[in-house]
Each structure stands twice: as structure tokens, then as C-alpha cells.
Amino acid sequence: MISTSDLRQKEVINIVDGRRLGFISDIEVNLEKGKIDALIVPGPGKFLGIFGKDHDYIITWSEIRKIGMDVILVELNDVIVTREEQNISKEEK
1 MISTSDLRQK EVINIVDGRR LGFISDIEVN LEKGKIDALI VPGPGKFLGI FGKDHDYIIT
61 WSEIRKIGMD VILVELNDVI VTREEQNISK EEK
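With the UniProt record's numbering, the residue at position 60 of the sequence shown is 60, and numbering never jumps.
Hint data in this document are derived by calculation from the structure and do not stem from the laboratory.
Yeah, the Cβ is synthetic: ideal placement off N, Cα and C, and Gly gets one too.
A couple of the hints might just be wrong.
[To be verified] Once the Cα atoms are required to be at most 20 Å apart in a straight line, the calculated SDA-like pairs of lysine to any residue come out as:
| id | residue 1 | residue 2 |
| --- | --- | --- |
| 1 | Lys33 | Ile2 |
| 2 | Lys66 | Ser25 |
| 3 | Lys33 | Ser62 |
| 4 | Lys33 | Trp61 |
| 5 | Lys66 | Ile15 |
| 6 | Lys66 | Asp17 |
| 7 | Lys33 | Thr60 |
| 8 | Lys66 | Met1 |
| 9 | Lys10 | Asp70 |
| 10 | Lys10 | Thr60 |
| 11 | Lys10 | Ile27 |
| 12 | Lys35 | Leu73 |
| 13 | Lys66 | Phe23 |
| 14 | Lys35 | Glu63 |
| 15 | Lys10 | Asp26 |
| 16 | Lys66 | Leu76 |
| 17 | Lys35 | Thr4 |
| 18 | Lys10 | Ser62 |
| 19 | Lys10 | Val29 |
[Unchecked claim] Across the chosen pairs, the derived CB separations fall in these ranges:
| id | residue 1 | residue 2 | range |
| --- | --- | --- | --- |
| 20 | Leu31 | Asn77 | 26 to 34 Å |
| 21 | Ile36 | Asp70 | 13 to 21 Å |
| 22 | Met1 | Asn77 | 28 to 36 Å |
| 23 | Val71 | Glu32 | 23 to 31 Å |
| 24 | His55 | Met1 | 27 to 35 Å |
| 25 | Glu11 | Glu32 | 24 to 32 Å |
| 26 | Val29 | Gln9 | 16 to 24 Å |
| 27 | Glu32 | Asp70 | 26 to 34 Å |
| 28 | Glu32 | Met69 | 29 to 37 Å |
| 29 | Ser5 | Asn77 | 23 to 31 Å |
Construct the complete structure from the given sequences, taking the supplied hints into account.
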């Protein structure tokens, strides 16, 4: 059994590209079914989950591949690309 406070202490990593997404800021729970629907991780550029213009990562339960001792491995194919990464790829062309 795992508690929500235990989940918040684990770093979320996308296995598709190896990107460290951060730590869980919120959890969506389906009270009728008593199940976790999604984990919310602040998007890039956010500070303390408040400041920043980018969107949060909403990771559905079906996208979670493994919950380990220190990390949560997820499979997100549609990840948010930061503005900094967009600028770097434009400069390379």
C-alpha cells in the first residue's frame, strides 16, 4: 500500500525520452470508484506550482508503467516541449 504523501516524494520520469518531469503536485481521485484517475506534475517553467505560463502534465493512471522506491516511470508520447527547446532546435536548422 502507498500513501499520497509517499507518491509526492517520488520523481516522475518519462520512459519515452528519459525526461525528468518533476514531482507530483496534485492527484485526481475518482471518489465514486475509490481510484486515482491522474497525477498532476507542474509543467516546465512553473515555480512552486504557481508561476509560469506552461501547462501541467496530467498523467493518467494508464500511462504509469512502474512505481519504484524513488521514481515513478510513465509513458507520455505527447510531452510538452519548452520554449527554450523550441528555440534551440530552430537555431540548429
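Hint check:
Simply put, Lys33 and Ile2 have alpha-carbon atoms about 17 Å apart, close enough for the 20 Å limit, and the pair holds. At most 20 Å may separate the alpha-carbon atoms for a hinted pair to count; Lys66 and Ser25 meet this at roughly 18 Å. Between the alpha carbons of Lys33 and Ser62 the distance comes to roughly 15 Å, so the proposed pair stays at or under 20 Å and holds. Of the pairs offered as hints, the one joining Lys33 and Trp61 holds, with about 13 Å between alpha carbons and a cut-off of 20 Å not exceeded.
With a C-alpha separation of about 10 Å, the suggested pair Lys66 and Ile15 falls inside the 20 Å cut-off, and the hint holds. Between Lys66 and Asp17 the alpha-carbon distance is near 16 Å, which keeps this suggested pair within the 20 Å criterion. For the proposed pair Lys33 and Thr60, the alpha carbon gap of about 15 Å is at most 20 Å, so the pair holds. For the proposed pair Lys66 and Met1, the alpha carbon gap of about 14 Å is at most 20 Å, so the pair holds.
Distance hint between Lys10 and Asp70 is fulfilled; the C-alpha atoms sit about 5 Å from each other, no more than 20 Å. Distance check on the hinted pair: Lys10 and Thr60 sit about 16 Å apart at the alpha-carbon level, within 20 Å; holds. Taking the CA atoms of Lys10 and Ile27, the gap is about 13 Å. The hint holds against a cut of 20 Å. In summary, the hint linking Lys35 to Leu73 is supported, as the alpha carbons are separated by about 19 Å, within the 20 Å threshold.
For the proposed pair Lys66 and Phe23, the alpha carbon gap of about 15 Å is at most 20 Å, so the pair holds. With a C-alpha separation of about 15 Å, the suggested pairing of Lys35 with Glu63 holds against the 20 Å cut-off. The hinted pair formed by Lys10 and Asp26 meets the criterion: a straight-line CA distance of about 13 Å does not exceed 20 Å. Note on Lys66 and Leu76: the hinted pairing holds, with a Cα-Cα distance of about 13 Å set against a maximum of 20 Å.
Between Lys35 and Thr4, the direct Cα distance comes to roughly 12 Å. Compliance with the 20 Å bound is thereby established for this hinted pair. A threshold of 20 Å between alpha carbons decides the hint, and for Lys10 with Ser62 the separation of about 18 Å falls inside it, so the pair holds. For the hint linking Lys10 to Val29, the alpha-carbon distance of about 18 Å falls within 20 Å, and the restraint holds. Evaluation of the 26 to 34 Å hint for Leu31 and Asn77 yields a pass: the beta carbon distance comes to about 29 Å.
For Ile36 and Asp70, the Cβ-Cβ distance of about 19 Å falls inside the hinted range of 13 to 21 Å, so the restraint holds. At about 30 Å, the CB distance of Met1 to Asn77 agrees with the hint of 28 to 36 Å. Remark: the range hint 23 to 31 Å for Val71 to Glu32 is upheld by a beta-carbon distance near 30 Å. Distance hint check for His55 and Met1: the Cβ-Cβ separation is about 31 Å, which falls inside the suggested range of 27 to 35 Å.
For the hinted restraint 24 to 32 Å between Glu11 and Glu32, the CB-CB distance of approximately 30 Å keeps it satisfied. Separation of Val29 from Gln9 is about 18 Å and conforms to the stated range, judged on CB atoms against 16 to 24 Å. Between Glu32 and Asp70 the Cβ separation comes to about 32 Å, which falls inside the hinted range of 26 to 34 Å. For the pair Glu32 and Met69, the beta carbons lie near 31 Å from each other, so the given range of 29 to 37 Å is met.
Ser5 and Asn77 have their C-beta atoms about 29 Å apart, which keeps the hinted 23 to 31 Å range intact.
The structure is consistent with each of the numbered hints, conforming to all of them.
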